[in-house]
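Asks: Assemble chain B onto chain A, guided by the hints.
Sequences listed follow chains A and B, in order. Residue numbering for the first sequence follows the working numbering, beginning at 1 and increasing consecutively. Residue numbering for the second sequence follows the working numbering, beginning at 297 and increasing consecutively.
For the record, the hints were derived by calculation from the structure and aren't laboratory data. Each hint should be verified, as a subset may be incorrect.
Heads up, simulated DSSO-like pairs for lysine-lysine below, C-alpha to C-alpha not over 27 Å straight-line [unchecked claim]:
1) B:LYS303 <-> A:LYS197
2) A:LYS7 <-> B:LYS303
3) B:LYS493 <-> A:LYS153
Covered by chain B, per the in silico footprint, the following chain A stretches (three or more residues, Cβ under 8 Å) [claimed, not checked]:
4) 122 to 128
5) 173 to 184
6) 236 to 247
Partner residues aside, some chain B positions facing chain A, computed with beta carbon under 10 Å [said to hold, decoys possible]:
7) ASP424
8) PRO444
9) ARG446
Predicted, not measured: the structure shown is a model, and the values here were computed from it. Here a beta-carbon is modelled for each residue, glycine too, at the ideal position from N, C-alpha and C.
2 protein chains.
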Amino acid sequence: MTSNTNKEIVRIGLIQMACGEDTEANIKTAEQGIRQAAGQGAQIICLQELFQTPYFCQVENHDNFKLAEEIPGPSTQAMSQLASALGIVLIVPLFEKRSTGIYHNTAVVLDADGSIAGRYRKMHIPHDPGFYEKFYFTPGDTGFQTIPTRFGKIGVLICWDQWFPEAARLTALSGAQILFYPTAIGYQAFDESVAEKQVQAWQTIQKAHSIANGVFTVVVNRVGQEDQVNFWGKSFVSDPFGEVLVEASAKEPEVLVVDCDLGLIEETRQGWPFLRDRRVDAYQNLTRLFIDQNET
Amino acid sequence: MTSNTNKEIVRIGLIQMACGEDTEANIKTAEQGIRQAAGQGAQIICLQELFQTPYFCQVENHDNFKLAEEIPGPSTQAMSQLASALGIVLIVPLFEKRSTGIYHNTAVVLDADGSIAGRYRKMHIPHDPGFYEKFYFTPGDTGFQTIPTRFGKIGVLICWDQWFPEAARLTALSGAQILFYPTAIGYQAFDESVAEKQVQAWQTIQKAHSIANGVFTVVVNRVGQEDQVNFWGKSFVSDPFGEVLVEASAKEPEVLVVDCDLGLIEETRQGWPFLRDRRVDAYQNLTRLFIDQNET
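Isolated chain A (complex conformation):
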C-alpha cells in the first residue's frame, strides 16, 4: 500500500448525550455540545437519534405522537441558525411529522450556511421488546443517498440500519465518504448476560461497513439508563480500514472531536480494491426476502 500523500482532513464532532424528560434541557445540552465541538474546530457535527427526548419507543403510547414536528419546523430552524452561526455542517435527528398520520424517524442535514442540504428517513425500522418503532415510524422512502455538504459528501443512516450491509453499500456507492449513524441502542436488565456480546457485534458490523466500502463510519449513541434500557454509549469513529480512531465512554455523556483524512479513502480502495471486483451480474437476488430452495 502506498503512503497517503493527498491529505484531505475534515474534523468530525460527535455529541453523546444522556436525555431526561425535559425537552428544553436536552436541546440546551445538545447546543452546548455542538458549541464545544465547534470550538475545537469540528466541521461536521452529529447528534444522536431522537436527541430531544428520552427514547419514547420503549412503550406504545399515542400521546408520544405529539413529540413529532414538521421539517422544516422550530427545531430545524433553531439548528439552522446555529449551523450558520458556527459555520458547521450539522446532522439533526428528529421525530418528523410528515403529514397527518405519517411520521418518520428522520435526520436532517444542515449545511454550513444553515440551508437544508438533505434529509434521510430511516429505512429499516425495528420492533422488539423495548424498541417498538414500527408503532411510531413509517419506514422511510428516501432510499439510501449521499448528501453533498461544504465539508464532504456524507451519508446518514439511523440505528437499526446499522445491521444491514445493503444500506451501507448503497450509500457508499452513491458517493458518500463518511457514513453517519445517529443511534439509540442499549441493553435491557433481562439480558445483561449478553450485553457485552451485543456491544461487540454492534461495533464489529459497523467497522465492517468501513472495510467493505472503504469509507469512514461515525456512530453517535445515547448513554444512560432510561426506564428498562441502559443505553451503552461507546460512540466511535472507524477509518476506511476498520480501525477505531476514537471511542466514547459507556457510561458518561461525551463530546468527541476527531480528524478524518478523506485522502485515506482513495488509498484504501486502491490497496484493497473491492469496489473493482463486485459481481453485479450475480446480485439480482438481493431484492428477494429469501431464496426458497425448491424454486432455484
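Replies: Chain B in isolation, oriented as in the chain A frame:
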C-alpha cells in the same frame, strides 16, 4: 433472548496447512489432517484454498496451468473415497480445468457417502501484487448457493469473496447454516507495518457476515512463508452472534475441531430479526457498480 432449547450440534473440522513444492506431500498432509479431525468426531471438514500446491498465483506463469485438473478427476476421486470411508462431508478446494482455456478456483463439496454434493466456483477474483488470480481463474458462474449435505446446509465461498457482504448474504438467503471460506491470505514483506491491521479487518468483516446473516462462519487459511507472502493462518469459527469459538495459530499448521449448535441460528435470528426487516424494495441499485450523482 430466549435460551436455546433445541440443540442441533454439528462438529466441524478445519485443516490449516503449510504447503511445500511437493504436491504429493501436501495431499498426504491434508489426508492426515482429515483423518485426525474425523478421529475427533468432525462431521464436516474443510481444507484450505488450493491446498495441494504452494500459492502459485504469486507469479503469472503459463506453466502453472498444468496444475489444474478436471472435476471429477483424480483428486475428487481420492477425496470421495476418503469422505465415504470416514463418513464425513469434505470441502475440497481445487484448481479446476473446466474446458480448454477455462480454469476456475473451485471448491467441491463431497457428501458423507462420497458423492459430489455440489461445487462452487470462486465468483470474486482478486488481482493485486502477489495475488495475480485474474491471470489464472475465470470468474465463477455458479452464483451463490446452498449445498445440502448429510450434516447440514452449507455454503462455500473462497478467499476474496470474504470482502463482499453480497456473497455472504445471498448464500445465507438460499438457506445455508454455515458459510465456509477456504482461503489463502497473507501479508508481504513490504507492508508488514499494516499486517496487523489487515488481519483485524479480515476477522472483522467475516465475523460481520455471521452477525448480519445469523449464520456460522468457518474460515480455513494457509500458514507459513511462501516466496514473498507470509500466510497468516488464524483460521477461525464464528457463531451467529459474531463470537469467535476457536482460532488457530498465526505461525503453525493446526487441525481445529469445534462443535457448532445450529439451533443458535433460529435463536439469534429471533433475537435480532434482521432478516425480517430487509428493505428489498430499495435494494435494486446493488446491481450497479456505482451510482453516479448526476444520474440520480
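Asks: Next step is simple, just say for each hint if it's right about the structure.
Replies: Hints and how they fare:
no.	hint	in the structure
1	B:LYS303 <-> A:LYS197	holds, 20 Å
2	A:LYS7 <-> B:LYS303	violated, 53 Å
3	B:LYS493 <-> A:LYS153	holds, 26 Å
4	122 to 128	holds (count 5)
5	173 to 184	holds (count 3)
6	236 to 247	holds (count 3)
7	ASP424	holds, 7 Å
8	PRO444	holds, 8 Å
9	ARG446	violated, 16 Å
Violated hints for the displayed structure, listed by number in ascending order: 2, 9.
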